[in-house]
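Peer 1: As you go down the protein sequences, you meet chains Z and R in turn.
Just so we're aligned: 912 in the numbering used here is position 225 of the first sequence, and the numbers increase by one with no gaps anywhere.
Just so we're aligned: 168 in the numbering used here is position 154 of the second sequence, and the numbers increase by one with no gaps anywhere.
Where hints are given, some of them may not hold.
With a cut-off of at most 27 Å between alpha-carbon atoms, the simulated DSSO-like pairs for lysine-lysine come out as follows [claimed, not checked]:
hint, chain 1, residue 1, chain 2, residue 2
1, R, Lys122, Z, Lys868
2, Z, Lys763, Z, Lys855
3, R, Lys158, Z, Lys929
4, Z, Lys717, R, Lys158
5, R, Lys158, R, Lys61
6, Z, Lys805, Z, Lys929
7, R, Lys17, Z, Lys861
8, Z, Lys808, Z, Lys788
9, Z, Lys910, Z, Lys922
10, Z, Lys909, Z, Lys749
11, R, Lys122, R, Lys179
12, R, Lys158, Z, Lys843
13, Z, Lys922, Z, Lys868
14, Z, Lys880, Z, Lys909
15, Z, Lys763, Z, Lys788
16, Z, Lys843, Z, Lys812
17, R, Lys158, Z, Lys909
18, Z, Lys929, Z, Lys868
19, Z, Lys763, Z, Lys852
20, Z, Lys922, R, Lys158
21, Z, Lys861, Z, Lys751
For each label pair, taking beta carbons as the anchor points, the in silico distance ranges come out as [what the hints assert, rightly or not]:
hint, chain 1, residue 1, chain 2, residue 2, range
22, Z, Lys751, R, Leu175, 51 to 61 Å
23, Z, Asn856, R, Trp65, 33 to 43 Å
24, R, Phe42, Z, Asn754, 20 to 30 Å
25, Z, Ser912, R, Asn152, 19 to 29 Å
Since the hints were derived computationally from the structure, they do not count as laboratory data.
The C-beta atom is built at its ideal place from N, Cα and C for all residues, glycine as well.
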Amino acid sequence: MQNLLRFIRMYNVLIVFLFLQGISINLYLKNNSFQNSIALEHANNYKGEIYSLTNNINEYFKLKNINKQLLNENTKLYNLISSDNENHINNTKQQKYISAKIINNSIHKRNNFLTINKGNKHGIKAGMGVICENGVIGIIHSTTENFSLIISVLNKQSAISICLKSQKNYGSLKWHGFNYKTANIESIPNHVKIEIGDTIITNGYSTIFPAGIDIGIVNSFKKNSESGNQDITIKLFADFNKLTHAYIVESYESREQLKLESLINE
Amino acid sequence: MSKAIIKYIYHLPIFLLIQIYILNEILFASYINPYLYIIILIIMPNKIPTWFLLIYAFAFGLLIDIFSGNLGIHSTACLMIAIIKTSTSRITIPHNIIEDHDELIIQKIGAKSFILFSSILIFIHHSTLFILEHTTFNFQILIKIILSTVITSIIVSITQLFFYKA
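Isolated chain R (complex conformation) (with noise of 0.2 Å):
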C-alpha cells in the first residue's frame, strides 16, 4: 500500500506539468479546457485510505489553483471527486471483478463501467468547478459543463488507455 501511495506522490509533478503547460494552452471552440489531472483520481485503487485520497486531492486542486490564479476552486472540486468516489465505484463497477489493490482501469473493469464510472466522477468534478468560477447557473454554463465532460471524458479514456498497463 505504501509503495502504491509513494507512486502516486510521484505522478503528482507529472500531471500537474502536462496540465499546466500543454492542456492549459489547448481550448476546443475557444472556451473549452480539458482537464486530464483528475485521471490521477479516477484510478486510484480502492484499498489507497480516503483520508490519504482527501489530502492528496486537495494538495493536487490547490497546486493547480496556484498556477491559474484562482485559489480554493479545483481544489473544492477535487475534494468533491475524492468523497464520493469509493460510494461511485460501489454502484458502477460489479463486484469480484478487482481486487482491492488494483486500479480502476478499462483493462481491468471494461470499457462500459469505466465510461460511466468516470463520467460520473468528471461531471461532479467540472459541475463545482465551472459554478464556482462563475458563481452563478444558467443555461450556457450547463451547455459548458456536458460540453467539458464529453471531452475530458474521452481525453481520459484515450490516455488511460495507452499509459496505463494491466
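Bound conformation, chain Z alone (with noise of 0.2 Å):
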C-alpha cells in the first residue's frame, strides 16, 4: 500500500496527463462518427442561443450581398415561371422548401458544420437536404427545438450523389479539405467523356435531394488506371464563405420511397 502511494506521488504529473489524454482521445475517437455526437447534439442549443446574438450585429454588414442573393434569386423565379410552367408544378407538388437563416459557419476545418435558427418547430428533422439558391450546402445532422446543425459539403462524412448532366453517370461528392471553393469527385470510371466544364447536379437517387440541383462545374480530371476510376476536381457554385440564408428541403415522396426500401432489409 505504500509501495503504490509513493508510486503515485512520484508519477503523479504523468498520471493526470494520462487521464486526461485517454479522456480527450476517447472523445476524439468517439465522436468521429457522427451518429455518436450525442455530447454535439445538447451542446447545439447553447451554441445557438450565443450564436444568434452575435448574429444579429454581423448581418447589418452583409445587407448589401443578401440584396443582391435577392434579386438573382428573384429573376431566377421569374424565369422557371415563364419558361416550363408544367414542370414546375409538377416540382412543387412533391418538394416543400422551409427557409432559414445561417447564424455560424466555417469553412477552415477539415470537418466544418453550419448552424441554422430553424428547429424542430418548423418542422426540420434530421437527414433532410440543404440547399442554397445557387447549390447544395449539406444535410442536417441533428436538431433542437429552435435551432438545428447541418453537416456541410465541406466534411469528411458528407457523401452526396450526383450525376454530370450531360451524360447522367452518376457518382459521389467529396471533399478533401484546403479549399473552400473545389471538391472531388469520385467514382467515375475510366472510359466516360468528361470535358472541362461539364456541370454537375444531384441525382435524386437518393431521398435527400430533388434531381436536378447545380453543384458545379469540372474544373480538372485525369485518368488513374489503378484505381478504374478518374480523379475529377470541381469548382463549386454555392460559395461558402459568403452564405447568409439556406432552403432545407423537405420530399413528401422520400417517406413512400424508404417505406419501399426498407422491404428489402426485411
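Could you use the hints to bring the two separately framed chains together as a complex?
Peer 2: As C-alpha cells, this is what we get:
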C-alpha cells in the first residue's frame, strides 16, 4: 500500500496527463462518427442562442450581399415561371422548401458544420437536405427545438450522390480539405468522356435532394489506371464564405420511397 | 500562487470569446486560422503546479472543441503543450533571468528566447491539431502546419507585447 502511494506521488503529473489524454482521445474517436456525437447535440441549443446574438450584429454588414442574392433569385424564379410552367408545378407537389437563416458557419476546418435558426418546431428533421440559391450546402445532422446543425459539403463524412448533366453517369461528391471553392468527385469510371466545364447536378436517387440541383462545374480531370475511376476536381457554385440564407428541402415522396426500400432489409 | 490561479481562471472566458468570435472568422490565404488562445498556456509561470496546468489546458481545449464541432482535437493538442512546457522552458530560457513566479513574457526573458520557446510549443500544438483533424500526414499538411505556426507566433508575440506588462 505504501509503495503504491509513493508511486502515485512520484508520477502524479504523468498519471494526470495520461488520464486526461485518455479522455480526450476517447472523445475524439467516439465523435468521429456522427451517429455518436451526443455531446454536440446537447451543446447545440446553448451554442445556437449565443451565435444568434452575434449574428444580429453581423447581419447589418452583410445586407448589401443579401440584397444581391435575393435579386438574383427573383430573376431565376421569374424565368422558371415563364419557361416551363408544367415542370415547375410538378416539382412543387413533390417538395416543400423551408427557408432559414445561417447563424454560424466555418470553412477552414477539415470537418465543417453550419448552424441555422430553425429546428423541430418548424418541422425540420435530421437527414433533410439543405440548399442555397445556387447550389447544395449539406444535410441536417441534428435538431433542437429552435436550431439545427448541418453537416456541410466541406466535411469528411459528407458524400452526396451526383451525376453529370450531359451523360447521367453517377458518382459521389467528396471534399478533400484545404480549399473551400473546390471539391472532388469519386467513382466515375475512366471510359466516361468528360469535358472541362461540364455541369454537375444532384441525381435524385437518394431521398435527400430532388434531382437536378446544380452543384458545380468540372475544373480538371485525370484518368487513374489504378482505381479505374477518374480523379475529377470541380468548382462549387455555392460560395461557402458568403452564405447567409438556406433552404431546407422536404420531400413528400421520400417517405414512400424509404418505406418501399425498407422492405428489402426485412 | 492561488492568486495567480484565480487570475488565469477569469482570463479563460475572455480568451475563449476572442478566439471564437474574432479569430475563428479571420482566415489567411483562405485556410490558415490563427489560434491565439494558447498564449495563456505559454506564458504561465513555472511555479504553477503541473497538475493545475494539465487540468486547465484540458478544460480550455474542450471548451474550444465544443464550439468548433470536433470533440477531442483541441484538448489533445493543449495537453501536449502542458506536458512539455516545463522541460522546453528549461532548455530554451537562460537560467537566472526569471524568478519562479514570473510570467514567461518577452520583457522578462528576451525576444530571442521567447520566440524560440513559443514557436516550439506552437509547432507541437499545431502538428497534433492538424494531424488529428485530417487523420493523414502529407506535404500539404506540413505546409499548413508551418505557415500556421509562423502566423500564430507573430500574433502571440504582438499580443503579449501590448497586453502584458513586466
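Peer 1: Taking 27 Å as the top limit, are the C-alpha atoms of Z/Lys808 and Z/Lys788 close enough?
Peer 2: Between Z/Lys808 and Z/Lys788 the Cα gap is close to 15 Å, so the pair holds against 27 Å.
Peer 1: Falls inside 33 to 43 Å, the C-beta gap from Z/Asn856 to R/Trp65?
Peer 2: violated (59 Å)
Peer 1: Is Z/Lys909 close enough to Z/Lys749, meaning Cα to Cα at most 27 Å?
Peer 2: violated (39 Å)
Peer 1: For the pair supplied as a hint, Z/Lys763 and Z/Lys855, confirm whether the alpha-carbon distance does not exceed 27 Å.
Peer 2: holds (24 Å)
Peer 1: Is R/Lys158 within 27 Å of Z/Lys909, Cα to Cα?
Peer 2: holds (25 Å)
Peer 1: Quickly compare the C-alpha distance for R/Lys122 and R/Lys179 to 27 Å and report which way the hint goes.
Peer 2: holds (10 Å)
Peer 1: Regarding the pair Z/Lys910 and Z/Lys922, is the alpha-carbon distance no greater than 27 Å?
Peer 2: holds (18 Å)
Peer 1: Take a quick look at whether Z/Lys922 and R/Lys158 sit within 27 Å of each other, Cα to Cα.
Peer 2: holds (22 Å)
Peer 1: Verify the proposed pairing of R/Lys158 with Z/Lys929, using a straight-line Cα cut of 27 Å.
Peer 2: Holds: R/Lys158 and Z/Lys929 sit about 23 Å apart, inside 27 Å.
Peer 1: Z/Ser912 and R/Asn152, beta-carbon distance inside 19 to 29 Å?
Peer 2: Roughly 21 Å apart at Cβ, these two residues keep to the hinted range, so it holds.
Peer 1: Starting from Z/Lys861, check that the Cα of Z/Lys751 is at most 27 Å away, please.
Peer 2: Violated. Z/Lys861 to Z/Lys751 sits at ~32 Å, over the 27 Å cutoff.
Peer 1: Does Z/Lys763 pair with Z/Lys852 here, judged by a C-alpha cut-off of 27 Å?
Peer 2: Roughly 19 Å between the alpha carbons, so the hint for Z/Lys763 and Z/Lys852 holds.
Checked against the numbered hints given earlier, this structure breaks hints 1, 5, 7, 10, 21, 22, 23; the rest are met.
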